[in-house]
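There are 2 protein chains.
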Amino acid sequence: MSLVVQKYGGTSVGDASRIRDVAARVAARRKSGDDVVVIVSAMGDTTDDLLRLSAEVSPNEHPREMDMLLTAGERVAMALLAMAIQDLGVEAVSFTGSQAGILTDTTHGGAKIQDIRPFRVREALDAGQVVIVAGFQGVSPDTKEVTTLGRGGSDATAAAMAAALGGDVCEIYTDVDGVFTADPRVVESARRIDEISFDEMLELAAAGARVLMPRAVEFGKRFGVPIYVASSFNDGPGTWVKEKTMEQAIVRGIAHDSAATKITVHGVPDRPGVAAALFEPLAVEGVSVDMIVQNVSQSGITDISFTVPREHADVARTVAEAMASEVGALGVDVTSKIARLSIVGSGMRTEPGVAATMFRELADEGVNIDMISTSSIRVSCVIDESDVDRAMQCLHRAFGLDGDANGE
Amino acid sequence: MSLVVQKYGGTSVGDASRIRDVAARVAARRKSGDDVVVIVSAMGDTTDDLLRLSAEVSPNEHPREMDMLLTAGERVAMALLAMAIQDLGVEAVSFTGSQAGILTDTTHGGAKIQDIRPFRVREALDAGQVVIVAGFQGVSPDTKEVTTLGRGGSDATAAAMAAALGGDVCEIYTDVDGVFTADPRVVESARRIDEISFDEMLELAAAGARVLMPRAVEFGKRFGVPIYVASSFNDGPGTWVKEKTMEQAIVRGIAHDSAATKITVHGVPDRPGVAAALFEPLAVEGVSVDMIVQNVSQSGITDISFTVPREHADVARTVAEAMASEVGALGVDVTSKIARLSIVGSGMRTEPGVAATMFRELADEGVNIDMISTSSIRVSCVIDESDVDRAMQCLHRAFGLDGDANGE
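So the sequences go chain by chain: A and B.
The working numbering puts the first residue of the first sequence at 1, with every later residue one more than the last.
The working numbering puts the first residue of the second sequence at 1, with every later residue one more than the last.
Simulated from the structure, these hints should not be mistaken for laboratory data.
Wrong hints could be hidden among the right ones.
Which copy? The list can't say, so a pair holds if one copy fits it or any two copies do.
To be verified - Here are the simulated SDA-like cross-link-like pairs (lysine to any residue), alpha carbons at most 20 Å apart as the crow flies:
(1) 144 / 122
(2) 144 / 365
(3) 144 / 125
(4) 31 / 163
(5) 337 / 91
Same shape as in the complex, but just chain A:
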């Protein structure tokens, strides 16, 4: 008998019939003898509908009330799922984030889980009940206010709850079959990955793979809870994310992120403190800077380029322009017609020349590389947006990810 935490996303509980399907899966698992905790997101478009409604009411930001509003979404989904599970002869009870003891900091709209005190969850499990917990939400013990966790919050709820309960596995059910070697919409020959390490998954997620949020992976890694990602629409196998994988891959997968903007400050006088003059105010404005490249200085003048998420582009441009005029730079260029392409694999640590292979393959394909950054298990290149599909297909083939290469 295991303790399983399952998470179902919004499309998995998109309508009444889907909710009954999920209930059947949960009830079958419970009847097999496992203790089951289910984390659930708001149904389908609920969150978007609530956001649209709030935009109709008010053009302004109301973080505290927005969290109050949005948390109604999971409330609906969890109550309906509990009903459907009960209908199958399995006892079930739903809890809000607050009732489930999910304690967060005070940041409305992007709260971080600080602690989980799942007294009521534990009690209900001991009574043999399936426990449904609202994803994405918690409560701040400091302010007694309801908070939401921001993007990827339900995955984080699931992994953190699994850690807090000492669960055996955290299962993330979604609308795809698992983690793939590349986005199958771009690379037709992309294959589902059987096993991937926490570190590789973190790099892939940060590089743009949307299937699993980095926050959830971090909880799994920190507390040693394996995560299983699979489809809620079929019973096929999924992807295991865990500490150690059976096989070390040189390149486990390829990810791309087209939602970035590149900003270049031209003709910056190359003297101590210019980089700080740019990146300190960006940090103050809350802009998350991804890649940074500073050209080799020529006659005391250099260019600094960096990428930011597209939603931070306007703020970043304003900051860059202020810095440019302050230090006497020549000007600022902004482009969103770029994409970041990353290859990830823990085998890179011991296998030299992976980055070189990547650059050679892209060159042979006629793809120009604009910026480069690396970690010990990742190489990322910024390229022109129009080259992305071709570049991904070429690297997927070059690193042996096509066809049966993944052991399938």
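We have chain A; now place chain B onto it with these hints.
This is chain B only, laid out in the frame that chain A set:
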């Protein structure tokens, strides 16, 4: 400076534009110097939509999860209203029933308010904020579960909150201009009542007047908080409900209730215990019996008639048929083609002959009276459903309620 509790119903906050209208009313009141607590219902059809969704998911009853589901409705409305009020430069904060300290018994779907401990409400008022509280919901301290108050729950929340805070007035805003001498859809000459006593309002509400729920009036009466009923769609005057009215009316208003079913057990042996044999099992089944008439016994045989709300008709018929066969009665008749017509006025206490006038007027109008019941300030007659409009118009005229009779 007063402490005002206002309640806005579902139609009053039916869409984004209506919510902004309500926000403007609330903000103006706050800016005039009053402390304001607002009780809000779910928007328009939200509750019906949630009920339909739950029916799609499950055909069964799930009282605890149904309350979890339905309480999402007020949550949405209260958060949006708080945003809209803040946009007008007035600080506002929304609280769930639980956060506002509305403590109930454990009955899901029909909980009774047992106590209100409005610590957070008081704190927010002291900080100068408008406080929005979800109507219709509370929390049971015994089970720590979220509960709903059932029909008329938001009115009850408002009156109880006004009582707990020592408020100066409880204002109920709705889609009509106040309490009328009769339903204006039936009696064209019906007039808004300026003032009505708690006792009269209780009788009118019990007799079928829908504008204000008896539970709210009971709170007002018990704690001496006057209630003001008015429209949220205009600024016209409404109706004051209070302990003593300036003028005592012989007949303050007329109400009718067409949602009743009459059940008659024929040929009941007239011996001790037969009434108990009928009404005890009805009570056990939770059927609320309204009027009861037992004919004068002839040759040791009698008829017992009673009325019940239409939704209890099937259960009541089953119970009555079982009792009939048990005591050897002749049979059971059921009809829903009836209506109950009531005249209400505290002046009846001292004015003899009001009932006689009612019966005479109905007789002159050719309306047959089927059953009669009275209280010290009310006379009710059950008549044929098809006679209702004519009977109401005739009584409205006969008791001087037409035209300027109400002082307008």
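Hints and how they fare:
{"no.": "1", "hint": "144 / 122", "verdict": "between (22 Å within a copy, 15 Å between copies)"}
{"no.": "2", "hint": "144 / 365", "verdict": "neither (57 Å within a copy, 64 Å between copies)"}
{"no.": "3", "hint": "144 / 125", "verdict": "between (26 Å within a copy, 17 Å between copies)"}
{"no.": "4", "hint": "31 / 163", "verdict": "neither (23 Å within a copy, 50 Å between copies)"}
{"no.": "5", "hint": "337 / 91", "verdict": "neither (53 Å within a copy, 43 Å between copies)"}
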